[in-house]
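S.K.: Below, each chain spelled out in residue letters.
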Amino acid sequence: MPRFDSRWLTLEGYEFPVFQARISRDRVHRYLGFLGQQDTPEGQGSACDDIGRALPTLPFSLEMEAGVVAQLAGLLEVDADRLLHGEQSFTCHGPLRCGDLVTVDSLLRDVAWKPGSRVCFFTKESRFLVAGRLTVSSRSVYAIKASEGGS
Amino acid sequence: MTQDAPDLRPTRLREMDQAVLRAYAELSGDLNPIHLAREQAIQAGYPDTICHGMLAMTDIGGWLTRVMPGWQLDGIACRFVAPMPVGTRLTVSAFCGESRRERDIVRLGVEIEARDAEGITRVTGRADFHRSNTSER
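Residue numbers (my numbering), protein chains in the order written: chain D, 1 to 151; chain H, 1 to 137.
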């Protein structure tokens with residue numbers, strides 16, 4: 001078990017490097033195939049024009065592939081397998097379409113150490129923008145079980 | 001159930017076996033070994049590989065959008081209450097709140113709870129939807 005590091009608290013407000021990723025039709029079809037929905041209107045081409053609401057968790061995969069969670073683990077100097085994914089939310093603000101180039105910015109909004117339960121919570125907020133327009137926002141809460149002590 | 005609410009019956013989702021975990025890992029890019037390698041999962045303190053919380057959320061979100069045709073998803077939030085070992089099969093229950101009419105649209109909140117075969121709650125959450133007030137009437 002990692003030791004609680006008081007330096008973690010100073011990381012509140014950390015801005016992750018902004019990155020861009022394209023929503024490929026292939027990715028959307030693979031997602032729909034995974035969900036067994038390739039025979040639905042969303043899986044048959046034109047409805048793929050708006051994929052944000054049909055596949056609310058797809059934006060998360062953009063962050064995973066860009067290594068945002070790995071960056072968080074690196075920032076905290078813990079192994080990624082120590083980060084427990086406690087909560088996740090997505091809010092749809094507008095359509096996300098196949099072919100869209102998505103700009104993703106993420107912020108470590110909150111760091112909270114609960115000494116009673118020896119858990120440190122990290123809340124990351126992300127925005128997914130297309131041509132400057134907010135399409136999806138997300139909130140992720142990760143937890144690390146840690147022993148007392150550290151610098 | 002309100003007049004606007006869909007009929008949401010408890011539904012068993014698919015078993016999240018190792019093949020499903022691997023497929024989701026490749027799809028999502030979440031290749032954390034606690035989901036894929038038993039030995040490393042054990043080293044991290046788990047009895048076996050652990051399902052991605054996001055896999056459960058993906059299946060729950062996919063189920064909701066499937067059983068609520070005509071409704072547009074505005075947002076979904078999940079809390080992963082307890083780790084889900086490989087092989088977990090969730091039964092998801094959804095409960096509609098009161099619908100709210102706003103001019104030409106109807107808004108509806110749905111509370112979500114997913115339990116494993118032993119009845120242990122693994123995921124809780126909420127999804128918010130809207131639809132045109134004139135659709136499907």
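Do not take every clue at face value.
[As the list claims (entries may be wrong)] Partial selection, computed: residues in chain H whose CB lies under 8 Å from chain D:
| hint | residue |
| --- | --- |
| 1 | PRO10 |
| 2 | THR11 |
| 3 | LEU13 |
| 4 | ALA23 |
| 5 | ILE34 |
| 6 | ILE42 |
| 7 | GLY62 |
| 8 | GLY75 |
| 9 | ARG79 |
| 10 | THR91 |
| 11 | ASP104 |
| 12 | ILE105 |
Simulated from the structure, these hints should not be mistaken for laboratory data.
Predicted model only: the values in this text are computed from it and were never measured.
Virtual Cβ for every residue (Gly too), placed ideally from N, Cα, C.
S.K.: The structure should be examined with respect to each hint, and the outcome stated for every one.
M.R.: Results of checking the hints against the structure:
1. Among the interface hints, the one on PRO10(H) is violated; its C-beta lies about 19 Å from the nearest C-beta in chain D, farther than the 8 Å criterion.
2. Here the hint on THR11(H) is broken, as its CB sits about 13 Å from the closest CB of chain D, past 8 Å.
3. Taken as an interface hint, LEU13(H) does not check out: its beta carbon lies about 11 Å from the nearest beta carbon of chain D, beyond 8 Å.
4. Restraint check, ALA23(H) versus chain D: the minimum CB separation of about 6 Å is within 8 Å; hint holds.
5. Hint status for ILE34(H): holds, given a least beta-carbon distance of 5 Å to chain D, under 8 Å.
6. Interface restraint check: ILE42(H) against chain D, minimum CB-CB distance 11 Å, threshold 8 Å, status violated.
7. Because the closest C-beta pair between GLY62(H) and chain D is about 4 Å apart, less than 8 Å, the hint holds.
8. Look at GLY75(H): its Cβ gets to within about 4 Å of chain D, closer than 8 Å, so that hint holds up.
9. Because the beta carbon of ARG79(H) sits about 5 Å from the nearest beta carbon in chain D, less than 8 Å, this interface hint is met.
10. Nearest Cβ of chain D to the Cβ of THR91(H): about 18 Å, over the 8 Å cut. The hint is violated.
11. Because the smallest distance between the Cβ of ASP104(H) and any Cβ of chain D comes to about 18 Å, over 8 Å, the interface hint for this residue is violated.
12. Residue-level restraint check for ILE105(H) is violated (minimum Cβ-Cβ distance to chain D is 14 Å; threshold 8 Å).
This entry does not satisfy hints 1, 2, 3, 6, 10, 11, 12, going by the numbered hints stated previously.
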